[in-house]
Every structure is written in C-alpha cells, then in structure tokens.
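Q: Now for the letters of each chain:
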Amino acid sequence: MKKGRKSAKQNHETLKISYLWAMKFGVVIFPGSNCDQDVIDVLSKTMNQEVVKLWHKDHDLQGCDFIMLPGGFSYGDYLRSGAIARFSPIMQEVIQHANRGGYVMGICNGFQILTEAGLLPGALLRNQEQKFLCKNVYVKPQTTSLLATQLLDTNKAYKIPVAHGEGRFYTDADTLKKIQDNDQVMFRYCSHDGIIAPEFDCNGSLDNIAGITNEGRNVFGMMPHPERAADADLGNTDGKAIFESLLAGVLA
Amino acid sequence: MKFTAEIDVMPKKELLDPQGKAVMLGLEHLGLNTVQDVRVGKHITLQLEAENEAEAKGKVEDACKKLLANLIMESYRFELHQN
Numbered sequence: 001m002k003k004g005r006k007s008a009k010q011n012h013e014t015l016k017i018s019y020l021w022a023m024k025f026g027v028v029i030f031p032g033s034n035c036d037q038d039v040i041d042v043l044s045k046t047m048n049q050e051v052v053k054l055w056h057k058d059h060d061l062q063g064c065d066f067i068m069l070p071g072g073f074s075y076g077d078y079l080r081s082g083a084i085a086r087f088s089p090i091m092q093e094v095i096q097h098a099n100r101g102g103y104v105m106g107i108c109n110g111f112q113i114l115t116e117a118g119l120l121p122g123a124l125l126r127n128q129e130q131k132f133l134c135k136n137v138y139v140k141p142q143t144t145s146l147l148a149t150q151l152l153d154t155n156k157a158y159k160i161p162v163a164h165g166e167g168r169f170y171t172d173a174d175t176l177k178k179i180q181d182n183d184q185v186m187f188r189y190c191s192h193d194g195i196i197a198p199e200f201d202c203n204g205s206l207d208n209i210a211g212i213t214n215e216g217r218n219v220f221g222m223m224p225h226p227e228r229a230a231d232a233d234l235g236n237t238d239g240k241a242i243f244e245s246l247l248a249g250v251l252a
Numbered sequence: 001m002k003f004t005a006e007i008d009v010m011p012k013k014e015l016l017d018p019q020g021k022a023v024m025l026g027l028e029h030l031g032l033n034t035v036q037d038v039r040v041g042k043h044i045t046l047q048l049e050a051e052n053e054a055e056a057k058g059k060v061e062d063a064c065k066k067l068l069a070n071l072i073m074e075s076y077r078f079e080l081h082q083n
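For the record, the sequence lines run as chains A and B. Using our numbering, the first residue of the first sequence is number 1, and each one after it goes up by one. Using our numbering, the first residue of the second sequence is number 1, and each one after it goes up by one.
Note that these hints are calculated values from the structure, not bench results. Only a predicted model underlies this, so the values are computations on that prediction, with no experimental measurement involved. Check each hint, because a few of them may be wrong.
Simulated crosslink set (DSS-like; lysine-lysine; CA at most 25 angstroms straight-line) [unchecked claim]:
#1 B/66 to A/57
#2 B/21 to A/131
#3 A/131 to B/13
Cβ-Cβ distance ranges computed for the label pairs, FRET-style [said to hold, decoys possible]:
#4 B/33 to A/89: 49 to 57 angstroms
#5 B/79 to A/180: 23 to 31 angstroms
#6 A/195 to B/22: 28 to 36 angstroms
#7 B/42 to A/59: 42 to 50 angstroms
Virtual Cβ for every residue (Gly too), placed ideally from N, Cα, C.
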C-alpha cells in the first residue's frame, strides 16, 4: 500500500474512494492450483498492478499487501478441499498476515482453504445436487462496506461463473446468525434479475451465501470466479468491478 | 511402543450427504430396495510411535481435530491397537 497502512476496520469506518491506491499482490501457487494465471493476468494486465507468485513451500510473502489464494484443486482435493493446503509453509505466513489485519482473498479452492485455516467461518460441503457445477450464475452483493465490494451495486445481479464440486456453504446456526448480524455476507446467489430465493441457490448453500468476509473485514472468500469474468475478450466483465473495488482506495 | 489407529471420519448426522445419496441410488438400481440410508465417510489408519497408550491417544486426537476431520462438518472416532 503506497499511501500508508490502516487497519481494515478503520477503513470500513471512514471510507472514501480514491483511485490513487496501488498494492503489491501475491498469488499463492499450490500443487494443483489452476486459476493462478487467470488471477495474475487480471491483476497485472487488466488492473496494471505489481504481482508476484508465491510458491507454497516458501515462507516469504515478499512484502505483498494483498494475498490471493486462487482456485484449483490444491493437493488433489485429497482428504477435503483445502485441508492439506492449509498446512503449507506459505499458509503459516498468510495466517499471520491476516491476523495482523493484512488483506487476503480466496476464490473457490482459495475460499475452501481459508475456511479450513479458520480465517473464515464455516465450511464448504459437497454440492447438494451431487454434481460438479461449471456454469454462469448470478450473485448479488450484500454490502458495500468492504474493500472487495465497495464499488459494487447492491441492486445488481452480477453474472460470474462457478466451477466447483464442494461449494455448499455451511455453518452452525449461531455462527450463521453472527455472520448475518455482523454484515459479513459479501454475496448471495440470485436470479438474473436479482431475486434471492432458494431456487437460485446453485449448490444448496445456507442462506444462498456465495461469499463472506471475516469479523476483521480483511479476509474475503467467494466460490464464484470473478477472474474469469474480467476481460471483454472473454465476453463477460461483471467480475472486473470486484478487482476495481480492491484498488478503489480505502484511505480516510 | 508402536500403535495402529483405526480412524473413522463421517459426515455429521444432521448434514445432507450427497455421496451417500448417490450410492443409495446405485444400490436401488442393483435391486437392494430395502436399504434405507447410506452415508459415506473415510477410514484412515495411522501407524505411530508413542511412550504409552495415553500419549498415542493424544496424538491421534490431535491429528483428527486439526487435520483428518473438519469438526464443522464431520465427526470422528477411533480405535487404538498396540502393534
């Protein structure tokens, strides 16, 4: 962060948008990651940011401000999605970074890793309909009080693809209530015209939840893949607004 | 002392188990219509060394809680045998 560090909480309280923001991004590569290059492309080419690759066996975050955990099948999804990646050497540094208030975002398998690591509440279970889902879905932002969603329109349904077998968000009732009460839901699955109802919940997630943040509001996880919807050449730029949000500035 | 732990990890009872549901459908197709419920979990065996049974038990508990089972969605139980 080139204009000084502030905790996510402070940023949340005193949000002003400035386009002077720039961050150094680190994209972690686990054995089996397969969306790492897509995220790197969007951040470096589309968003023009400094991006470094972080190998899972390393212990050095190389001074990155923002850590991205990409999608894929880390460690072959053995045992449970994300369970083994959570103990990778680099994850020990990522957990410390997050606990210091540093920004971390997990997409798909990255989200699964963040829940396994305890950085985000809940777990991602096997999809209700027993299928690997690979299709465009619609999600509706539930809050603009986050770095990752500040430029989004809470009345709009964003078309973003999902590609997962284990994306059914689940947590116990007390934790769910806490997530809801604390405004920690980032996205809910919805219809193309923004109606949030059980029939538009593609994988059976509790409360249509597609993405959440932590209590500190510096860790973000979502099952849909915005990096696959951030380039006009790919026919869909709905996901780009999320990356623009990350860079829209959070200085008071 | 050497021990073997036989660990079962199962999806929690209150949770839908789509894999179990799919297997049940397969069993129905096989003609086993009397099967009422199927749940699929994992069986894991660990070989480990410990000073005594209590220490071995502690190590297995640790392995289960921290990695082998996710207590949000799964439960576990194990048996410990001295080799």
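Q: So, for every hint listed, does it hold in this structure?
A: These are the hints, each one checked on the structure:
The suggested pairing of residue 66 of chain B with residue 57 of chain A holds, with an alpha-carbon distance near 20 angstroms, which does not exceed 25 angstroms. Distance hint between residue 21 of chain B and residue 131 of chain A is fulfilled; the C-alpha atoms sit about 12 angstroms from each other, no more than 25 angstroms. Only pairs whose Cα atoms come within 25 angstroms are accepted, and residue 131 of chain A paired with residue 13 of chain B is accepted, the gap being roughly 21 angstroms. Restraint check, residue 33 of chain B to residue 89 of chain A: a C-beta distance of roughly 51 angstroms satisfies the suggested window 49 to 57 angstroms.
For the hinted restraint 23 to 31 angstroms between residue 79 of chain B and residue 180 of chain A, the CB-CB distance of approximately 41 angstroms leaves it violated. Between residue 195 of chain A and residue 22 of chain B the beta carbons are some 30 angstroms apart, a value that agrees with the proposed interval 28 to 36 angstroms. In this structure, residue 42 of chain B and residue 59 of chain A break the distance hint of 42 to 50 angstroms, their C-beta atoms being roughly 31 angstroms apart.
Violated hints for the displayed structure, listed by number in ascending order: 5 and 7.
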